[in-house]
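Chemist: Chain by chain, the residues run as shown.
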Amino acid sequence: MPNVLSKRTMMIMLTAVAILFPLVFKNMYLLQLLTLVFIWSIAVYGFNIISGYVGYLSLAHAGFFAIGAYGVGLLTTKAELPYWISLFLAVIITALAGALVGVIALRTKSHFFAIYTMCVGVIIYLLIDKWDSLTGGVRGLIGISPPGNIGPITFDSLTSQYYLALSFLILTIFICYRIVHSLLGRTFIAIRNSEELAKTIGISIMKNQLLAFTLSALFAGLSGALYASFIRFIGPQISAITVTFEMLMYLLVGGIGTLAGPLVGTLIVISLTQSLQFLEEYRMLIFGPVVVLLVLYYPRGITGSIETFIRKRKLQKVNLRKEEHEVKRDVGEAG
Amino acid sequence: MFFRTEGITKRFGGLAAVEDVSASFEKGSITAIIGPNGAGKSTFFNLISGIHPITSGKVFFKDNDITKMPPQQIARLGIGRTFQTTNLFEQSTVLDNVLIGHRLRTKSGIWDAIFRTAREKEEEKRSYEKAMQALAFVELENVVEHPVSLISQEEKKRLAFALALATDPEMVLLDEPAAGVNPDETDGLAYLMRKMADHGITVCLIEHKMPMIMSLADKIVVLNHGKKIAEGRPDEIRQNEAVIQAYLGGEVHAPVKQY
Chain A
1 MPNVLSKRTM
11 MIMLTAVAIL
21 FPLVFKNMYL
31 LQLLTLVFIW
41 SIAVYGFNII
51 SGYVGYLSLA
61 HAGFFAIGAY
71 GVGLLTTKAE
81 LPYWISLFLA
91 VIITALAGAL
101 VGVIALRTKS
111 HFFAIYTMCV
121 GVIIYLLIDK
131 WDSLTGGVRG
141 LIGISPPGNI
151 GPITFDSLTS
161 QYYLALSFLI
171 LTIFICYRIV
181 HSLLGRTFIA
191 IRNSEELAKT
201 IGISIMKNQL
211 LAFTLSALFA
221 GLSGALYASF
231 IRFIGPQISA
241 ITVTFEMLMY
251 LLVGGIGTLA
261 GPLVGTLIVI
271 SLTQSLQFLE
281 EYRMLIFGPV
291 VVLLVLYYPR
301 GITGSIETFI
311 RKRKLQKVNL
321 RKEEHEVKRD
331 VGEAG
Chain B
1 MFFRTEGITK
11 RFGGLAAVED
21 VSASFEKGSI
31 TAIIGPNGAG
41 KSTFFNLISG
51 IHPITSGKVF
61 FKDNDITKMP
71 PQQIARLGIG
81 RTFQTTNLFE
91 QSTVLDNVLI
101 GHRLRTKSGI
111 WDAIFRTARE
121 KEEEKRSYEK
131 AMQALAFVEL
141 ENVVEHPVSL
151 ISQEEKKRLA
161 FALALATDPE
171 MVLLDEPAAG
181 VNPDETDGLA
191 YLMRKMADHG
201 ITVCLIEHKM
211 PMIMSLADKI
221 VVLNHGKKIA
231 EGRPDEIRQN
241 EAVIQAYLGG
251 EVHAPVKQY
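Going down the list, the protein sequences come from chains A and B. Take the first sequence: its letters are residues 1 to 335, numbered as in this note's numbering. Take the second sequence: its letters are residues 1 to 259, numbered as in this note's numbering.
Simulated from the structure, these hints should not be mistaken for lab results. Incorrect hints may appear among the rest.
Once the Cα atoms are required to be at most 25 Å apart in a straight line, the calculated DSS-like pairs of lysine-lysine come out as [stated by the list, open to error]: (1) 207(A) x 68(B); (2) 107(B) x 207(A); (3) 7(A) x 121(B); (4) 219(B) x 58(B); (5) 7(A) x 68(B); (6) 125(B) x 314(A); (7) 7(A) x 312(A).
Please construct the entire structure, taking both the sequences and the accompanying hints into account.
Modeler: Written as structure tokens, this is what we have:
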């Protein structure tokens, strides 16, 4: 039983389902939706690194998403660079922007960090919105090139774009998995748990935070870049603060500080948003209270709650075994 | 001298929390810092471990000037510490708490993490071994997998020792290690501190439990109102008039008013 449900088997099965999905369901709408879920998830994974594991709530995330998106948009349309070079450059530019912002932002803590990064997000929005000559301002940027060919592989069809987004998502999850299960990941978690203690056991707070912040911006940039080439039209509203809060909602629902959380949350919330579309703006009347209740009673979201449940069960078993062992020993001694 | 401070002073605004304190600790000895509440004992620890910047004076560790070093660098040089309020990573397990203690002796970074290099594997193994060794030292092997929130107060105190030990320290600063535990458990903790000293680790502790201090410490430093008022062996301190005055208040021979 435990072997069938082990993490590795689950992951392989889920990947298999994701790969087979377009072959079984020929529904274009679902495919489009899932592709978007994959792309947004990548950004939420980035969000999770700094906010979930290091414990610093960064509200500039949509800004970095937009830098990635506009990076690819401008490099392919205005500089007319090949797609893959543009993608690479866009991601690097976003990571550099993240590092630059991080150097200053990380001097602040908790609420002040959230407020500072929110200001950065607003500044990025204003830059995109007002810099007409470069970004096209409110008119946005159109005609962004789709992903270019890799040898014989083309990305013209929706199915191929689905697989492209899926591959990048798997790569993102793999990198996050490796980081979380490494000494570096433990270092991040130590900083989240207690900065003061982390310092006295010899951990450089700033260095690790900056690394996490840069990584988080990098994934936001990658996500934005893929988004731009998938939708092929971007406007300043993708950097709006509401987008950051949407990503935060995905993260909270799925489980902040968990590995599966970003994907689970993004999948559930985006699917719900789509199926509640007839309610238009009023759907927030449902989401608002649900998120509040979730944060109150399940602060670690869906995945986090399941993990806690499993851990408790395991601990009970350990204790039970210990008791059994003691009873046996007592009986043995008595006999 | 293994460790010494030269006239260190810390002012918060106009108030001198620690004023002109010179003290020295010998390698492998146990030094206790005592004094009434608000005497500046914890501030003294925060100064020598780099948490607060020092206003004036100097701190030397093995003849290196560490006065201006940040806490993480001081930790790397070999000074571990614990906090007054048992400061642990509450959400993690006992083992995870101690594992991270050895992080400062490892070098694996982001690339080692992503590619799971040989260095990462070797350092993970080393951290694990170090953690288990530290947990064995404080006799917590039986709760390794427990979350910290479920272990007892006294076990948390010992876990804090283990975390400090996992950093491979040459000296440990223990802030009220026996606060809030019963007398039997206090003896157990005193035994552990003696064991650390016997292993060559210099122990420096802040404590209010006098019977424990008197039997445990090789040397006592007494602070009052931020100043050092006495320093010496326990039997010397017991006789010291300035100390008695600080603890009991007023004059030693208070004039008795006649009515």
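Chemist: Honestly, which of those hints from before does the structure not fit?
Modeler: The structure breaks only hint 5.
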